[in-house]
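Colleague: What follows is each chain in one-letter form.
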Amino acid sequence: MEKFTRLEGIVAPLDRANVDTDAIIPKQFLKSIKRSGFGVNLFDAWRFLDHGEPGMDISTRKPNPDFVLNQPRYEGASILLARKNFGCGSSREHAPWALFDYGIKAVIAPSFGEIFYNNSLKNGLLPIVLADSEVDHLFHEVEAFPGFRLMVDLEQQVVATVDGGTVYRFEIDAFRKHCLLNGLDEIGLTLQHADEIKAFEEQHIAQQPWLFT
Amino acid sequence: MPKTLYDKLWDSHLVRSEDDGTSLIYIDRHLVHEVTSPQAFEGLKIAHRKPWRTGSVVATADHNTPTTDWDKGIEDPISRLQVETLDANIREFGAKAYFPFLDKRQGIVHVIGPEQGATLPGMTVVCGDSHTSTHGAFACLAHGIGTSEVEHVLATQCLVQKKMKNMLVEVEGKLGPGVSAKDIALALIGQIGTAGGTGYAIEFGGSAVRGLSMEGRMTLCNMAIEAGARAGMVAVDETTINYLEGRAFAPQGEMWDRAVAYWRTLKSDDGAEFDLVVRLNAPEIKPQITWGTSPEMVIPVDGRIPDPEKERDEVRREGMERALVYMGLEPNMAATDIKIDKVFIGSCTNSRIEDLRAAAQVIKGRHVASNVKLAMVVPGSGPVKDQAEKEGLDRIFSEAGFEWRQPGCSMCLAMNNDRLEPGERCASTSNRNFEGRQGAGGRTHLVSPSMAAGAAIAGHFVDVRSAK
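Chains as they are written, first to last, in this note's numbering: chain A, 1 to 213; chain B, 214 to 681.
These are calculated hints, taken from the structure and not from any lab test.
As the structure is a computational prediction, the values presented were derived from the model and not from experiment.
Treat the hints with care, since some could be wrong.
Sample of chain A residues facing chain B (criterion: CB under 7 Å; computed from the structure) [said to hold, decoys possible]:
1. D20
2. P146
3. F175
Once the Cα atoms are required to be at most 20 Å apart in a straight line, the calculated PhoX-like pairs of lysine-lysine come out as [to be verified]:
4. B/K376 - B/K221
5. A/K34 - B/K480
6. B/K376 - A/K177
7. B/K263 - B/K309
8. B/K221 - B/K586
9. B/K317 - B/K285
10. A/K198 - B/K317
11. B/K375 - A/K177
12. B/K378 - B/K221
Ideal Cβ placement from N, Cα and C applies to all residues, glycine included.
Here chain A stands alone, though its shape is the one from the complex:
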């Protein structure tokens, strides 16, 4: 996993509640057996006017000029600003893969679908929960100032305007933060406790042997 420490970038506002992972990456692209290459189909049904299928050449597609990521002022955005329950629905990890591959490194929203939230943290994509009022304020700022950028500092757990005028603190679990800051392989960390897992397993077998037949 890539480390996440600090990020400064353009903010793109996606002003909808309950954006589900089907919208983030539609089902036809889940047939891939790879982890990469999903960025070109991020938000496919919203981003393009024509119907997308795997393997299509993106240069032949018809972008939807109304969709936020197609608007020139948000070109190169690395921070997505969203509404409540972002990433709800399907557990597909292809959703954070697609966002990350596209270039989105952080998503700010008042709340997230839980599985999406977890999946993001395992892929170097930082989901940031801010209060409703703070998210509202940011939507107004992004709207008012073309080229609006934010700075995210994971170590300090803050989101700030680049002039430092507005600073919002966010919460994140200490373990997840540690893994993200250092780009750690979670499996390797867990396997450091292999002896404890084995000991648990033996006691579990003794108590519920029918689970192991």
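Start from chain A and add chain B according to the hints.
Modeller: Frame of chain A; chain B shown alone:
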């Protein structure tokens, strides 16, 4: 201290905990399907890691498999490669059981686990699929995980978790005729919203839930994720034990007795505290229909489509307006005036034998309306299909003009060829009415099996309570 069912399941699987609550919990059953596993197996290979305990793995191919012309195999080469990749991975790494494409026991992963007795009370169950919550019907701690977690469970037999909060959804009283578990689920989501359960493990209780069959309980727990909760569960009772007895992978003989004695403890203790209690009155629940593009956009069958102008919250209002445009509906329209083009009876929510019986009962001796272009029944598994055929349900469906298909996920998410065309409107027994879920531009109305059957016959939604 009295414990909730969730507390008991958590405590009995806790391997270790850090000071901040980050914990490792041991996983008993790992269900695997073709869509969310290839990258996990690849990750193991790249890191030269071996699975911890392949005896925990039960696998099947369900998302990509066709529901017609099985003799032709899988025509789409990309889908075929994904299914073949699962075949190869199971061959290489092993599993307790694998029900590949064309196997008689193949089917939707959340149907076959319980059906084979591979889902047992007290288990922790995971699968790279959000509807894993289904298995909570057996007093399991069961939830969906992402592909990185699939790899993590394969390699370590554990999941990194923090304990969730406890929610009790208590449904008291008797459900009216024609009202099912699906309607309880949709009514609940209408009440608490699609994020209402976020951060919680939901236990479903109350006399209406105890009165449900295992099929009904699975439908209810299946939809917990649509209420935002990763896990839903129901305590063990006689219904649970009766369902499991004699299933292929269930314990037998003395081991069965020992297991049953333990399973009977799998309920919340008297006086156990929940962080949140939500109550629903079963007799007041009417058949439900979703009108929008989120499961929380739901109304009773005798209701009208809400008017965004009456919504004061700006984000909600815009969401409603967008949903109405996408769905091609007008505010204040009666739910029963909505005409449909297709009907889908199937999915991990509603493709079990009881669901097919409920639908067949409505359509018996009648015919699909002329404006309905396609009505299809996709049984949840080979054994469900066999059972239905033994009971003659397939003939009832066929004579009524329904297509009787092979098992799989099918048009719930339209990864195979079963899908809606742009603008088509579907009465569907599945779980998600998201934009494009059943096909780009398709319009989904989530309903129960009997409501879907009633709509197929009338060509528009009808109140199955009065239609009977």
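Colleague: Each hint should be assessed against the structure and marked as holding or not.
Modeller: To see whether the hints hold, each was checked on the structure:
1. Hint on A/D20 holds. Least Cβ distance to chain B is approximately 5 Å, under the 7 Å limit.
2. Violation of the interface hint for A/P146 is found here, the shortest Cβ-Cβ separation to chain B being roughly 22 Å, above the 7 Å cut-off.
3. Satisfaction of the interface hint for A/F175 is found here, the shortest Cβ-Cβ separation to chain B being roughly 4 Å, below the 7 Å cut-off.
4. Taking the CA atoms of B/K376 and B/K221, the gap is about 12 Å. The hint holds against a cut of 20 Å.
5. Simply put, A/K34 and B/K480 have alpha-carbon atoms about 42 Å apart, too far for the 20 Å limit, and the pair is violated.
6. Restraint check for B/K376 and A/K177: satisfied, since their Cα atoms lie roughly 18 Å apart, inside the 20 Å limit.
7. Between B/K263 and B/K309, the direct Cα distance comes to roughly 15 Å. Compliance with the 20 Å bound is thereby established for this hinted pair.
8. Distance restraint check for B/K221 and B/K586: the Cα-Cα separation of roughly 49 Å exceeds the 20 Å cut-off, and the hinted pair is therefore not satisfied.
9. Between B/K317 and B/K285, the direct Cα distance comes to roughly 16 Å. Compliance with the 20 Å bound is thereby established for this hinted pair.
10. Between A/K198 and B/K317 the CA atoms are separated by roughly 36 Å; this puts the pair beyond 20 Å, and the hint is violated.
11. At roughly 14 Å between alpha-carbon atoms, B/K375 and A/K177 fall within 20 Å of each other, so this suggested pair holds.
12. Proposed proximity of B/K378 and B/K221 is supported: the alpha carbons are some 13 Å apart, at most 20 Å.
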